[in-house]
Amino acid sequence: MKAQVLITPKKGIADPQGTAVEQALHALGFADVRAVRVGKVIDLELPEGDREAALAALTHMSEQLLANTNIEQYTCMILDEDA
Amino acid sequence: MKFAVAVFPGSNCDVDAYRALHDVLGQKVEYLWHRETDLSGFDGVILPGGFSYGDYLRPGAIARFSPLMTSVMRFARDGGIVIGVCNGFQLLTEAGLLPGAFLRNRDLMFVCDTVSVRVENTDTVFTHRCQAGQVLRLPIAHGDGNYTVDPATLAGMEQRGQVILRYCSPDGTVDEAHNPNGSVANIAGIINEQGNVAGMMPHPERAVENLLGGTDGLFILQSMVHELERRQHETCRC
Amino acid sequence: MKLAGAERAERVCLTGAEYARILELIGREPVDLELDLFGVMWSEHCSYKTSRPLLRLFPTTGPAVLQGPGENAGIVDIGDGLAVVMKVESHNHPSAVEPYQGAATGSGGIIRDIFTMGARPVAMLDSLRFGDLREVRQRSLFRGVVKGIGDYDNCMGIPTVAGEVAFDDSYAGNCLVNAMCVGIIRHGDIKRGVAAGAGNPVILVGATTGRDGMGGASFASVDLTAASQERKSAVQVGDPFLEKLLLEACLELFETDAVVGIQDLGAAGLTSASCETAARGGVGIDLDVALVPRREEGMVPAEVMISESQERMLVIARQGHEGEVRRIFDKWGLNAAVIGRVTDDGMLTIRNEGTIVGQVPAKALAEQAPPRYPEAVRPAWQDDLVSLDVTRLSQQDDWTETLMALLGTPTIASKEWVYHQYDSVVRTNTVIGPGSDAAVLRVDGTGHGIALTIDGPGRMCLLDPAMGAAMAVAEAARNLVCSGAKPLALTDCLNFGNPEKPEVFWQFSQAVKGMSDACQKLGIPVISGNVSFYNETSASAIVPTPVVGMVGVVEDLVHICRQGFCEPDSIVVLLGENTDELGGSEYVRLATGRTAGRVPLLDLERERKVQELCLTGICRGLIRSAHDVSDGGLAVTLAECCVSGQMGAHLSLPVGIRPDALLFGEAPSRIIVTVGAGDLAALMDTAVEMGVPLTVLGTTGGTLLDINVSDKSLVHVPIVDLAAVWHGSLSQVMNV
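Residue numbers (the numbering used here), protein chains in the order written: chain A, 711 to 793; chain B, 876 to 1113; chain C, 190 to 925.
Treat the hints as calculated values from the structure; they're not laboratory data. Model, not experiment: these values are computed from the prediction. A hint or two may mislead.
In the DSSO-like style, the derived pairs of lysine-lysine whose C-alpha atoms are separated by at most 30 Å in a straight line are [as the list claims (entries may be wrong)]:
1) B:877 to C:520
2) A:720 to C:336
3) A:721 to C:336
4) B:903 to C:520
Have a look at the derived ranges for each label pair, beta carbon to beta carbon [stated by the list, open to error]:
5) B:910 to C:745: 41 to 51 Å
6) C:376 to A:769: 53 to 63 Å
7) A:733 to C:544: 52 to 62 Å
8) A:734 to C:845: 46 to 56 Å
9) C:446 to B:940: 32 to 42 Å
10) A:769 to B:915: 32 to 42 Å
Note that CB positions come from ideal geometry on N, CA and C, so glycine has one too.
One chain only, chain A, in its complex shape (with noise of 0.2 Å):
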């Protein structure tokens, strides 16, 4: 089956990247953008089987190691067939 992580900067600590991304794009002309963060897709696959325990796993995984969970923030999602 097929997952997805998605980590971004936890709420309050600076983003530098989002920032700059943020500056960029009212330099387009897209002035009314604001809240830019910038994060990370982890799109993994796992065996098929129970979506709860891949969830728990997931959740595991980013405890662990895909997300730094003193500045970052993740979700983790099992990905319908046709994603």
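Since chain A is already given, all that's left is putting chains B and C on it; use the hints.
Then chains B and C, alone, in the frame of chain A:
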């Protein structure tokens, strides 16, 4: 004294650290590959700079899980002396041996330069040979040196004297203009509560020879060596 | 569907004549796969068919030369049983498409060329050229290229110690990214790209193989699978972490005696690595593409053979040592797959799952592309270029403003915006880093050093390609001498437009002749190099740009010099002579908007003597600082000495030359040095002995740069003002 210099896939400044401790300070030094685990017989561990695992995912995030790091964590908890430089500092925060974490440099560019840092606490293993408020000229070379930590933890660290180096002007003024990467409170180097683990972004091992631009790094490395010698001497007298 | 010969040739960008030659060489029609191999190996990029005949003019031998052109890099002896391995290469077209990855993979490629010879890389240098930075696209290219180089070199742990960046409208559609790598090796440890010993295993190590870099390739086969068509990638993506692992694994492998020969996979990937090593050894290689570790599905044999996936090497090992190779690469987490064997039939035999799908003589592919001899015609507009009416240049009383304007132009301004993004200190051997005339590195275990520089000719080559190219050689040597080094060997990167145009080929042939002449007279052999043609768009070709990388030896690290004034009350001395020549200067460009005028005369004998005088002065401990006169002329040089040293100077220049030519003319063979008052006589005596003109200009000290002629002040400005412009200009432009 005998030092271990950790080598992870992608480490680069292991050579710099080895040369400083072995060639300049005349210490026994061994490289330890990341899969090795035996730290018996070593007095200190250096986690060097570089790009372990290419800095992929986050700097130090993957190296943190190597077998050697498990041993280093035990070594540190038992009071062993550990110093992490640059990527080594990042690794120590990922491993939880030091508080805080690292973000991309404020200006989003890698910066290689020589900067001034002020010594904030001389009552430590790593700075006791410095004068209070002494300004050291040390090289930096990093893209993710923007140290961050939550305000509550920071307050505790400041109170306990855990901040040992701060970026400053050549005459010792700590201000934003002289902060090369945006790190909170201009923090360039810290120690843990116990005082046996240090992390710093500047490279003391790159400032040990006049031929190469200066020797202020010796203040830090010699502090570490002399403290270890003093402890060994004391132990022998018991 | 079977195509006729001419059509088949066209599909792989070969001419009818080249196709006919293939038929002669192999005695039959090539199958599609074989034609694909000829298509890449006989391309200009791989075969040098247009440049090779002329490149024979270069002097490539000498008592210190251990390896000249023809291998993956050149090697020159530096004493103590050690040698320098050196090469420069271009990655212009990929960088114009994707600046970050183009520059990164350019670094990756040249680094592999060095460690494939058995040497650990110890330094990187880069020569970069872009169009006008006031254009967003140019800033974006510049930013991306610098970041690509920085991220790759920094991750590899190789210090980037020197370089140059220049700007001209002609590069707007064709940026230039020339990367140079230098390694140090013990003589006995040199490895070569030679296959030998029938039965020896051929092992592909490093990254997996995908469809990288094949977006631009034209295949003979009309039957490429749908998957292939869809997933061809134009952009090669670099992985510096993997290359760092590859470097360490290879160096560990070299400590064993398992290696017969080794070559990195660069342009034309597995095809070039296999046919070139086989051809050099006079042997053949029989390989099976099914054994190549892949990261894409459904790749046909042609794709596997031509893929330019990065970070791969081809190891020819001794029979029985396969296990040793695998053990080392396992330790570093890298693939090591035996894909074939060396044979004694001289053929490159390609199998797929055991069945032969192509077989051609290795030498035919690697060495027998028919050379081309295009027409060379001096352009009709060359004389117009050279014409410059100096009476129309407006004269000033105070030239301070002109000086400030020149200091602020991106080509002249400080490049710290660039080099602060490069780790120039890693490995702790950098004695002089970026910001001086040349970099100086300590050679581990000796008291000696090496000095390195990379230089291009500014706009001089447009006005007179031969003289301009010679000036590039002279300037590189002069930069090394200013640091205290004796020039030893050269690596060149020749960047030109479309050689099928007679005017461009004329520029190329003139440049090669000019360079050869300079190399002969200065005694500096060419040990390696690269040619990049077709740097042009429909609009225009680039200014002919031969770039010179050079290495010199520093006898004693105690006697080295930097460019800045270093002690107050030093005597400022000009070695060489000022002339009334303004041609080709940045000043003329600023004043008229054109590159124009007659190129200043380079007298190679005078140049040689000026350099010898400077080097002698430094080695005897007489000279305290040295900076050569180049872009911007004498006034810019003096300003840079002041700003770098953070001290002023009070100077009086000789009369007799119009002020703007005196201040801003770019005549070669001039060096500004400082000496202590007590050492001046000794330097003057040596100058007289050597027959080199020497003029005392004044003294250092104070906070102003004061330049006078007789009693007339030409320039009068606080150093802090000069510093603000020179240090700040590039950041200001780039932070827009």
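Query raised in the report: Looking back at the hints listed earlier, which ones does the structure fail to meet?
Result: none
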